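Peer 1: What follows is each chain in one-letter form.
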Amino acid sequence: MYTLLQPDFRIKRDEERCIRCGVCVRQCAFDVHSVDTDDGSIRSDESKCVACQRCETLCPTRALTLEENYHVANENYNWTGGVLKNIWKQAETGGVLLTGMGNPRPYRIYWDHLVLNASQVTNPSIDPLREPMELRTYLGSKPDSVEVVKENGSLKLKTKLAPQLRLDAPFLFSAMSLGAIGYNVQEAMARAATEMGIYWNTGEGGLHKDLYKYGKNTIVQVASGRFGVYKDYLDAAAAVEIKIGQGAKPGIGGHLPGEKVGDLVSMTRMIPAGTDALSPAPHHDIYSIEDLSQLIYSLKEATEYTKPVSVKIAAVHNVAAIASGIVRAGADIVAIDGIRGGTGAAPTMIRDNVGIPIELAIAAVDQRLRDEGIRNRASILAAGGFRSSADIIKAIALGADAVYLGTAALVAMGCHVCQKCYTGKCNWGIATQDPYLERRLNPDIAAERLSNLIHAWSHEIMEMLGGMGINAIESLRGNRLHLRGVGLSKTELDILGVRHAGAS
Amino acid sequence: MEGRWNRRYDWQYDRIPSGCGLAAIISEAGRSFGGEEIIQSICVLHDRSNGLGGGFAGYGIYPEKRDLFAFHVMFESIEAKELVDAYFDRNFYVEESGHIPTRKIKEITNAPLLWRYFVKPLDDSLQDCELCEEDFVTRSVFHINGEIPGAYVFSSGKNMGAFKAVGYPEDVGRFYRLDEYEGYSWIGHGRFPTNTPGWWGGAHPFTLLDWSLVHNGEISSYGINKRYLEMFGYRCELQTDTEVAAYLFDLLLRRHGLSIEVACKALASPFWSDIDRMPEEERELFKAIRMVYGPALLNGPFAIVLGFTGGLIGINDRVKLRPLVAARKDDRLYLASEEAAIREISPDLDVVWAPKAGEPVIGRVRTGEPEVVGAEETVA
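In order, the protein sequence lines correspond to chains A and R.
Just so you know, the first sequence maps onto residues 1 to 504 in my numbering.
Just so you know, the second sequence maps onto residues 1 to 380 in my numbering.
If you're looking for bench data, these hints aren't it; they were derived computationally from the structure.
A portion of the hints provided could be inaccurate.
[Said to hold, decoys possible] Derived DSSO-like pairs (lysine-lysine); straight-line CA-CA distance at most 30 Å:
| hint | chain 1 | residue 1 | chain 2 | residue 2 |
| --- | --- | --- | --- | --- |
| 1 | R | LYS104 | R | LYS65 |
| 2 | A | LYS231 | A | LYS209 |
| 3 | A | LYS156 | R | LYS287 |
| 4 | R | LYS287 | A | LYS216 |
| 5 | R | LYS356 | A | LYS156 |
| 6 | A | LYS85 | A | LYS490 |
| 7 | A | LYS213 | R | LYS287 |
| 8 | A | LYS156 | R | LYS320 |
| 9 | A | LYS150 | R | LYS104 |
| 10 | A | LYS213 | A | LYS89 |
| 11 | R | LYS320 | A | LYS150 |
| 12 | R | LYS65 | A | LYS160 |
| 13 | R | LYS104 | A | LYS158 |
| 14 | A | LYS150 | R | LYS65 |
[What the hints assert, rightly or not] From the derived model, a few chain R residues whose C-beta atoms are all more than 12 Å from chain A:
| hint | residue |
| --- | --- |
| 15 | LYS65 |
| 16 | LEU68 |
| 17 | ASP85 |
| 18 | ALA86 |
| 19 | PHE118 |
| 20 | PHE142 |
| 21 | ASN145 |
| 22 | ARG174 |
| 23 | LYS226 |
| 24 | TYR228 |
| 25 | LEU258 |
| 26 | GLU281 |
| 27 | TYR293 |
| 28 | LYS329 |
| 29 | LYS356 |
[Stated by the list, open to error] Chain R stretches covered by chain A per the calculated footprint, using a threshold of three residues with CB under 8 Å from any CB of chain A:
| hint | stretch |
| --- | --- |
| 30 | 47-53 |
| 31 | 124-138 |
| 32 | 181-189 |
| 33 | 261-271 |
Computed from a predicted model, the values in this text were never measured in an experiment.
For every residue, glycine included, the Cβ atom is placed at its ideal position computed from N, Cα and C.
Okay, chain R solo, but in the shape it has when bound (with noise of 0.2 Å):
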């Protein structure tokens, strides 16, 4: 196992820039639904990605695990994964731990060990350090991502998982047997890094607890709000701007208890012009919102979609730099760069739109279940 699938360069790489291709679909009622549709819709959108790294997310994909933390890890040495294995050990329940499956085929190459554990923080550990459970599994990500040469996690959410490789996304779905999943949203992504040979862990989704974030475009405030979200504690390491999105995210609504709505009027904030014409109480709010949040706006082209238990959310930048296309069909909302890959699934629907630049379009799931977390519509 050659140790360039998964080289983390030096400091210097820490932001690479890129373009990209995006899909998503999401049941808004909830119904399962294999992984194919999202490998077939991606594909379309092939000559956005350059092979250098392709990836998904599903939601619903482990419901008989539905309480336990799926870690996805890759390893470049099993050095590495031993380490890996007495972190989980000391801090964590493993249920259950084995290879992610994957299908041998001539595109995919130079694969590392790819595991995937199904775990639970000890009581022990979650009161040494006085967190909660997401907390706790957040600072594990850090520490395993950040402190464990040659290892990086890749998911750390519940009844989801990330899957990703260096590649054209159609090539990775197969082979990690993505049709053989189920799951009620699903989102891919295709890659055209520009400077860098392209490593495993930097295609996209990227995860973090239940959150996914794929994303086209490059932030060019990254510089700012790595810096900011590192004043709460992340630490950002995986060498790209699309990773502080996710974080952003996760603080926003998680931790700061914000609504999407509002977090995403902090990310992709209106213009002063226009947040001067609005009515007082609801001026005061936007003023208020990028007083504080301005270190988090993100600023620069892109669209990004954004998974979570129960939901997904597609955003672009506020001056819309990037494509990105909605339209719904029943129950299913879909989200892509382009509309071909919609048409590709779907080819008769009843509407389809272009969001406009800042406003969110959010899919949720309407019924009772697949239980929404950390992420409700209003807050009290």
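Chain A with its partners taken away, still in its complex shape (with noise of 0.2 Å):
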């Protein structure tokens, strides 16, 4: 069949630049570039590129330009050229779209329309290179008050706590799977969260044994498809969560094919070499709240209540009610993964229309759990799309324990946000399992990245803090009078439960 769809971008040579040297042919596993055996000039077959910008970025005299390919001329505002080209794709294809990365559409950010407070003459605000300035930040769940006894002089502590999981700062590297992503994507959060003193997740593709010694700053995920988990897998982590759901893809589950599930992930998966890996939608043991609590329970009695459980849903449109559920049911953590939340590939229509904005997802739970008296129960994990150390505060400050970075964590080792994560292949070396393009994402350096910029937005945080005259983040935690609204409706601010810009 003869397609209509034109190419998304327009590589532009510089012939005077390009010096022949190959490293866009070799660096394109999409196979744009190719060589004219005829003359030896370089050729482009845009159709083919996804401007993950590979090529540009590599080459070694800047020959190469990227652009958008501006060619639906008569595109209008509802019939943009994005869905004529979809409707052509699947006229031509029959299938679902499929993408990859987190929501692109221009919903409302509500980052971009809090703004920070700071401290003026009142109260000093705190210079975190004098002062002490903390982060720490403890996961689980908390009692409502502590018994405290006097013994021969001495204060001890008799009520016993709940297990917590310590974070140095109030971060954690999303849930990947191994497969989604490549084994030394893993390697490097492993081994950064365990530099920098906070946890990286599995996701639901189980754990490679080369990673279990850094078992001590790992959540591993139990998901519907259940991959990769016994009892080493539970044993190594320092929590479990339950993947309910997941912000890219609210209500669907999850399809690695089998030309993905190589040795590596043959074996850390637990499923033959070559096969599908499928997760249902729903667990098919979960179908009520119930039966969710009784999972919480077997793997808290399988791991002796030794580790924190949390639970991890999709932003959807009655978060704050099914939050609570899941405290009820005895989470020790609830993890909210907003609209905006990356995937490696799911249905374009899901990701893009389904669920809520995380701003308003952390807002309605954390005020829900406080009207029931329960907030203290269980932490709040807050995911999708965070894209600064700001973005992080403010969540923190609407009343988020810690945030979850997949995307940003991503973009430090290399990503360029092409979207094509489902195709297998990346030619930064992050979502693949090719070896080849796999060899291109050192982890030495990708740890390197990652635990910068975890030190520089810590410190950025640290500088927030001060600022503001606090000197520990949980003075910040819910904290929502530190925030302001600019140019939100009545309707937004009361639900974010912030005052608008200029309110005293």
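Two independent chains are provided; combine them into the complex using the hints.
Peer 2: Here it is in structure tokens:
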């Protein structure tokens, strides 16, 4: 069938600069560039280009420039170029549109409509270079109060606390499975998490044996496919997370195609090589909240109540009530993934249209748990498109205990957000199982880049906290008086529990 | 009577930053002395306030009515008083009610109707709502302050009372005729609010039951402290961050049964770097306190004096960003923002010191009387 699709991008090659070294040819797994055998010149098939910018970045003479190809001249507000292309694609294939990464559509990003407070005169700001500034965070269930007794003249704690995760800064690396991403990426996250005193999450692809040594900074996932779940896996981890849903694809499962299931993935997921790894949409043993409670307690029994159990859900319309049910079902942590949460593969229509923004979800869940007097019984983890330390500190002020970083971590390692993770051809060596491509990601360098990012964001958060006259992160958590809205409606402000800028 | 004296601003103003001066005296022998001493002491700190709020609390001042809750209430109108009278008639046995004695002086103007009730909750009321006396009184205070427009309870303890107004503290003391009362413990406060014309209810101390609290500083953690307290049924209605400190002490000491020492470590907790260096048992205790009471941590600059039946606590924030001086002479413990305020009334002190950041100074009546309520040093 003749395709109606024009290339999404246009590649400009400056022939005066091009030295025909062939770097672009070798770097592109999508086979965009090729050498013309007649004259040795390099040609580019733009129809295959995904704009990952690998060639552009690595070209030694900066001879390449990528541009968006605005070929739909009669694009209108309703029938945009993107819409036409989607229809042509489906008319040509009859398939579901697939994509990767987070929702790119222009839903309001509330972080950009929230501003932070700072001290002036009545309250001294605190300089984190001179004074202690504490970001340490403990995740897990807290009792309503503690009981302290005096024995032989010294105070002694009588209350036994539930297991807790200690974070030196309020970040974790999001769940990304081996299969969705390569081994080197997981190793880099595990090493950076260990170095920075934070955690990384296996996703639902099991945990490779060689990564068990990072177990005390590892959260292992138990998802609907139960891939790689067995005794050693649970024992190796610091915490266990039950994955119910994901922000990029609420309500549906996952599908790792057989061609990505090589020996490594096969061994780690405990499935035969070459078979599709299908995660059902629901857990087939969870058809209601009481079933979830059984799984939570099964995992607690299996780990002898030594590890917190987290439950991850996608932020959907009724998220506050669902989160409340999860807390009452016994979860120590509730992780909420918003509409901008990333993915290795999701149907485009679902990624772009299902779920609610994480900002509103954090605010609603935190308030609901407070209204019910159970906020202390679980920590709240927020996920879904956090771009900077400013987004994170605002999330904490709205009520999150800590934040999952997925896309930001990948970007730190080199991802250019081309949204083609599902192809397995990631030129940056991240979302791929191809050994040739995987080697492009050096875990030493990637771990260092991740640690640098965590260090930088921690420092920025300390500066902002100090500016507010606060020297411990728990004094900002849920402290919405340090936020003001700009350009938000009354309804939005009410849901966020934030006043408009100018209101004192 | 204009409404201005007691104009409650809308929700936009629920936190008013202010600077201040404070002073406190307790006789640990439980000896009573007149209110003029605390006036003389706080008077020295005149320049730390700006005339927009002064107040006092005295303990042991109503010995003949020691078993009754003494409610001090401000009324904007007769109608408000009628509503409160009706509320008391329904829920309390009212032994006596009348004007709070005042002296007409030119410095204090626009006074609201100031009324005093000596009451006891009716047994029926307690049974109906299954609350203890203290919780019932707490609920009544929140009800009147939140639901009855133009009425504000500013004191609700037994054998103690708070007195406050818009004005300089020395004038407020004279206005309320404090020289005519005798008590074993006194707290004084002069206020320097920075962004509001000041209303009578906004002056310190803030009280609930026997707790009275004065504060110099700004609590930057107010937003979360307030939401944390709301989980336990407290309502913060008084447009100031000081209020949360009073309620947090009530929650931790009275309701959670923590000792003063432990409660102070929750509200002004040690740094993690210090906790990490503690011996194991202590470390686990302090870790647990910070984990569980993180939302109760008072963050930001403050010096606080908390009064209660039989005692006083003075405490600074965890990095000591506001002044607080302590001194002893014979059976007396003194606290003040500046040493001068103490020397003014007791020039010849046994010992003077600056309490360390987050370390409470505790004064306590050591004889059998008066009884100590809800704040035992150790808990069983």
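Peer 1: Going back to the hint list, which numbers does this structure go against?
Peer 2: Hints 6, 9, 10, 12, 13, 14, 23, 24, 25, 26, 27, 30, 31 and 32 are the ones this structure does not satisfy, whereas the remaining hints hold.
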